[in-house]
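The listed protein sequences correspond, in order, to chains H and W.
Numbering-wise (numbering that gives the first Met the number 0), the first sequence opens with residue 0 and increments by one.
Numbering-wise (numbering that gives the first Met the number 0), the second sequence opens with residue 0 and increments by one.
Since the hints were made in silico from the structure, they are not lab data.
A virtual CB, placed ideally from N, CA and C, is assigned to each residue, including glycine.
One or more hints might be untrue.
Said to hold, decoys possible - Okay, derived cross-link-like pairs now, DSS-like style, lysine-lysine, Cα gap no bigger than 27 Å in a straight line:
| hint | chain 1 | residue 1 | chain 2 | residue 2 |
| --- | --- | --- | --- | --- |
| 1 | W | Lys-277 | W | Lys-245 |
| 2 | W | Lys-46 | W | Lys-66 |
| 3 | H | Lys-66 | W | Lys-305 |
| 4 | H | Lys-145 | H | Lys-270 |
| 5 | W | Lys-66 | H | Lys-66 |
| 6 | H | Lys-49 | W | Lys-66 |
| 7 | W | Lys-270 | W | Lys-300 |
| 8 | W | Lys-56 | W | Lys-46 |
| 9 | W | Lys-66 | W | Lys-145 |
| 10 | H | Lys-138 | H | Lys-66 |
| 11 | W | Lys-145 | H | Lys-46 |
| 12 | W | Lys-66 | H | Lys-46 |
| 13 | H | Lys-66 | W | Lys-46 |
| 14 | W | Lys-145 | W | Lys-46 |
| 15 | H | Lys-56 | H | Lys-46 |
| 16 | H | Lys-56 | H | Lys-66 |
| 17 | W | Lys-66 | W | Lys-56 |
| 18 | H | Lys-49 | W | Lys-145 |
| 19 | W | Lys-56 | H | Lys-66 |
| 20 | W | Lys-49 | H | Lys-145 |
| 21 | W | Lys-145 | W | Lys-277 |
| 22 | W | Lys-300 | W | Lys-245 |
| 23 | H | Lys-145 | H | Lys-245 |
| 24 | W | Lys-56 | H | Lys-56 |
| 25 | W | Lys-245 | W | Lys-305 |
| 26 | H | Lys-66 | H | Lys-46 |
| 27 | W | Lys-245 | H | Lys-56 |
| 28 | H | Lys-145 | W | Lys-305 |
As the list claims (entries may be wrong) - Counterexamples of contact, computed for chain H against chain W with all Cβ distances above 12 Å:
| hint | residue |
| --- | --- |
| 29 | Asn-41 |
| 30 | Val-50 |
| 31 | Ser-77 |
| 32 | Ser-84 |
| 33 | Trp-98 |
| 34 | Ser-105 |
| 35 | Lys-145 |
| 36 | Arg-158 |
| 37 | Ser-174 |
| 38 | Arg-202 |
| 39 | Trp-238 |
| 40 | Arg-261 |
Number of protein chains: 2
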Amino acid sequence: MPAFSANLDANSDQVSPVLFLCYDDVTFLDLAGPMQVFHAANTLRRKIGKVAPYQIKLVARAAGQVKTDVGVHIEANSWQDTIVSDRGIIIVPGGPGVWDSETQASVRDYLCAQPQEVEIASVCIGAFLLGHAGLLRGKQAVTHWKYCSRLQADFPETRVNADSIFIRDGGIWTSAGVTAGIDLALAIVERDFGHTLAADIARGLVVFLKRTGGQSQYSKILETQAGIPDGRLSDLHAWISDNLHKPLPTETLAEQLGMSTRSFVRYYVSKTGTTPRKAVENLRVDTAKRMLLDYPLLSIKRIADKCGFQGEERMRRTFVRQFGSTPSEYRENFGPTQQ
Amino acid sequence: MPAFSANLDANSDQVSPVLFLCYDDVTFLDLAGPMQVFHAANTLRRKIGKVAPYQIKLVARAAGQVKTDVGVHIEANSWQDTIVSDRGIIIVPGGPGVWDSETQASVRDYLCAQPQEVEIASVCIGAFLLGHAGLLRGKQAVTHWKYCSRLQADFPETRVNADSIFIRDGGIWTSAGVTAGIDLALAIVERDFGHTLAADIARGLVVFLKRTGGQSQYSKILETQAGIPDGRLSDLHAWISDNLHKPLPTETLAEQLGMSTRSFVRYYVSKTGTTPRKAVENLRVDTAKRMLLDYPLLSIKRIADKCGFQGEERMRRTFVRQFGSTPSEYRENFGPTQQ
Numbered sequence: 000m001p002a003f004s005a006n007l008d009a010n011s012d013q014v015s016p017v018l019f020l021c022y023d024d025v026t027f028l029d030l031a032g033p034m035q036v037f038h039a040a041n042t043l044r045r046k047i048g049k050v051a052p053y054q055i056k057l058v059a060r061a062a063g064q065v066k067t068d069v070g071v072h073i074e075a076n077s078w079q080d081t082i083v084s085d086r087g088i089i090i091v092p093g094g095p096g097v098w099d100s101e102t103q104a105s106v107r108d109y110l111c112a113q114p115q116e117v118e119i120a121s122v123c124i125g126a127f128l129l130g131h132a133g134l135l136r137g138k139q140a141v142t143h144w145k146y147c148s149r150l151q152a153d154f155p156e157t158r159v160n161a162d163s164i165f166i167r168d169g170g171i172w173t174s175a176g177v178t179a180g181i182d183l184a185l186a187i188v189e190r191d192f193g194h195t196l197a198a199d200i201a202r203g204l205v206v207f208l209k210r211t212g213g214q215s216q217y218s219k220i221l222e223t224q225a226g227i228p229d230g231r232l233s234d235l236h237a238w239i240s241d242n243l244h245k246p247l248p249t250e251t252l253a254e255q256l257g258m259s260t261r262s263f264v265r266y267y268v269s270k271t272g273t274t275p276r277k278a279v280e281n282l283r284v285d286t287a288k289r290m291l292l293d294y295p296l297l298s299i300k301r302i303a304d305k306c307g308f309q310g311e312e313r314m315r316r317t318f319v320r321q322f323g324s325t326p327s328e329y330r331e332n333f334g335p336t337q338q
Numbered sequence: 000m001p002a003f004s005a006n007l008d009a010n011s012d013q014v015s016p017v018l019f020l021c022y023d024d025v026t027f028l029d030l031a032g033p034m035q036v037f038h039a040a041n042t043l044r045r046k047i048g049k050v051a052p053y054q055i056k057l058v059a060r061a062a063g064q065v066k067t068d069v070g071v072h073i074e075a076n077s078w079q080d081t082i083v084s085d086r087g088i089i090i091v092p093g094g095p096g097v098w099d100s101e102t103q104a105s106v107r108d109y110l111c112a113q114p115q116e117v118e119i120a121s122v123c124i125g126a127f128l129l130g131h132a133g134l135l136r137g138k139q140a141v142t143h144w145k146y147c148s149r150l151q152a153d154f155p156e157t158r159v160n161a162d163s164i165f166i167r168d169g170g171i172w173t174s175a176g177v178t179a180g181i182d183l184a185l186a187i188v189e190r191d192f193g194h195t196l197a198a199d200i201a202r203g204l205v206v207f208l209k210r211t212g213g214q215s216q217y218s219k220i221l222e223t224q225a226g227i228p229d230g231r232l233s234d235l236h237a238w239i240s241d242n243l244h245k246p247l248p249t250e251t252l253a254e255q256l257g258m259s260t261r262s263f264v265r266y267y268v269s270k271t272g273t274t275p276r277k278a279v280e281n282l283r284v285d286t287a288k289r290m291l292l293d294y295p296l297l298s299i300k301r302i303a304d305k306c307g308f309q310g311e312e313r314m315r316r317t318f319v320r321q322f323g324s325t326p327s328e329y330r331e332n333f334g335p336t337q338q
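Put together the whole structure using the sequences plus the hints.
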């Protein structure tokens, strides 16, 4: 069987170890989500008279209790006593403990000692532990939307694809924030046993087998405007906000600062890392998002006008491009809950 | 402060106990999902200089380790030693352990001993424990889609609303299957601290604050046709399946069995609990769902024709009514994952 294709033959009775790597201050849900998926796969396979395919184990540097981020203690085995076969997979959840340098070092040593055939998967900021172990070099990867730019900065040889829910690159899987671990585990089960089993598990857990749109639809737009220690730019941004309903070509912005368009663009990019055009679009989108939620009775057309989108359709296209969902879907998904 | 309205004033520094009730074979994710939400609320409130509002505790009949359904052991306090104040909430997760009669009896005694002001919330089939404690009498409630009809049968004085993601009725909250516990917890945080905090938590966990559509979009359509011990009806259903692309008025079906339309309808309803018209619609929808997934390249129009929907728009409307999502969204959400 070639490495990194289907681990398990749907008709076989082979057992594949799935190790969940635990450390102090691991995010409880990063662990529980994927675990429940593999457990459900075992249950459903047993129901049709097959062997439970996934041998689920919690492993940590030392046997005993591990404290999760929510304060719950869980029992783990020592990873030194736990051998992973070449058909195994190690899941590395995220959590505040990821930033601990001792954790980084010990996880690195453990992961680097594995045979090359063992697959490694991270959930959320667990990707940083993979990075420290050198496993993301030359790979595509994703992490929680809040930490994507940091992952890219910390591991420049990695191609971070911030909008993915999960990415597989060879034997390395990474996934987006927290609940994306469920999507990741479903994808592994689908790879191993096909669509029907994965879909049954998804329905059982009441999640989608495949989400529409990428993780950025869940995140706030990156606010180019935040925290720039430059009074001139702050003033400019305030002026843009006040004039959002008007067309705002780069020339007009340059005029505001009394600069030529060319020097203004160079200056702006050097200060913010983004172009003025993109910054205006971000401000429009950001304002539209806030208005969609804060003024539930205002029509999307009116919001598009107020934010300077030159028409509802233009706003719709921008939203779909940026979040994979339309303004009305955004309002639906993030608006106040009505019971 | 009136009972069952906002528990916590957004500006107050009051602390509210949130007790997670554990028992053997509790579903790990039923517990972890809501727990992570309340923990995130604590973290975000602390970040803005406020007191962590939720005092999260695991409680069980006896102090010590509790075995969850996935095999992980977690540490719990004894519920006898844990006092819930009148602003508290008790979360009752689901899990295979729900069917244990000793668990049912002990949870009943514990819940019935609580002051009336304490709110009680269930996740997934945890609703059955609330039912056994008599808490669902005269209330609206929901549970996992697979168990809704059983909940209705076991507790006839409850109004089961099978399509909800969660329901609040007075001080009693119930929620749909497994991950709906996250939606439930977000709704409680939104009630307590408003939309912005809940939306921030949802974005942090990479979930939607409000899902579009009810839980039935995640479930298989109830197959009226399954398991009816009546040869004549099985034959009829087979004939319907073969002729699904044609119009199938009730008169035509009655002719197939050589009955008058009136006696046929009476006979059909008595055997299946549903009308022939509804049964035909269910078969059309069920077939369309299978085709959407199994033939990813077939257009929705063609599928609508083959399933006898008389047009794509008619199929779309039926899907939206039944699942809260369109055929193409259904295909997106449940179709094979492409990487």
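TODO: Please work out if Lys-56(W) and Lys-66(H) have their alpha carbons no farther apart than 27 Å.
DONE: holds, 14 Å
- [ ] Grab the minimum beta-carbon distance between Ser-174(H) and chain W and tell me whether it stays above 12 Å.
- [x] It is violated; Ser-174(H) is separated from chain W by about 9 Å at its closest Cβ, not greater than 12 Å.
TODO: Test the statement that Asn-41(H) is away from the interface with chain W: the closest C-beta pair must be farther apart than 12 Å.
DONE: violated, 9 Å
TODO: Starting from Lys-66(H), check that the Cα of Lys-305(W) is at most 27 Å away, please.
DONE: violated, 56 Å
Task: Lys-66(W) paired with Lys-46(H) [C-alpha distance capped at 27 Å] - done: holds, 22 Å
- [ ] Would you check the hint for Lys-277(W) and Lys-245(W), treating anything up to 27 Å between C-alpha atoms as holding?
- [x] holds, 16 Å
Open item on the list: Run the distance test for Lys-56(H) versus Lys-66(H): straight-line Cα separation, threshold 27 Å.
Closed with: Cα-Cα ~16 Å, so holds.
Task: Cβ separation check - Val-50(H) to all of chain W, threshold 12 Å - done: About 16 Å separates Val-50(H) from the closest Cβ of chain W, which puts it past 12 Å; holds.
Task: Holds or violated: Lys-66(W) to Lys-145(W), with C-alpha atoms at most 27 Å apart - done: holds, 24 Å
- [ ] For the pair we were handed, Lys-49(W) and Lys-145(H), check the Cα-Cα distance against 27 Å.
- [x] holds, 23 Å
Task: Pair hint Lys-145(W) and Lys-277(W), alpha-carbon separation not exceeding 27 Å - done: holds, 20 Å
- [ ] For the pair supplied as a hint, Lys-66(W) and Lys-66(H), confirm whether the alpha-carbon distance does not exceed 27 Å.
- [x] OK: Lys-66(W) and Lys-66(H) at ~16 Å, within 27 Å.
Hint check: violations occur at hints 2, 3, 7, 10, 14, 23, 26, 27, 28, 29, 35, 37, 38; the rest are consistent with the structure.
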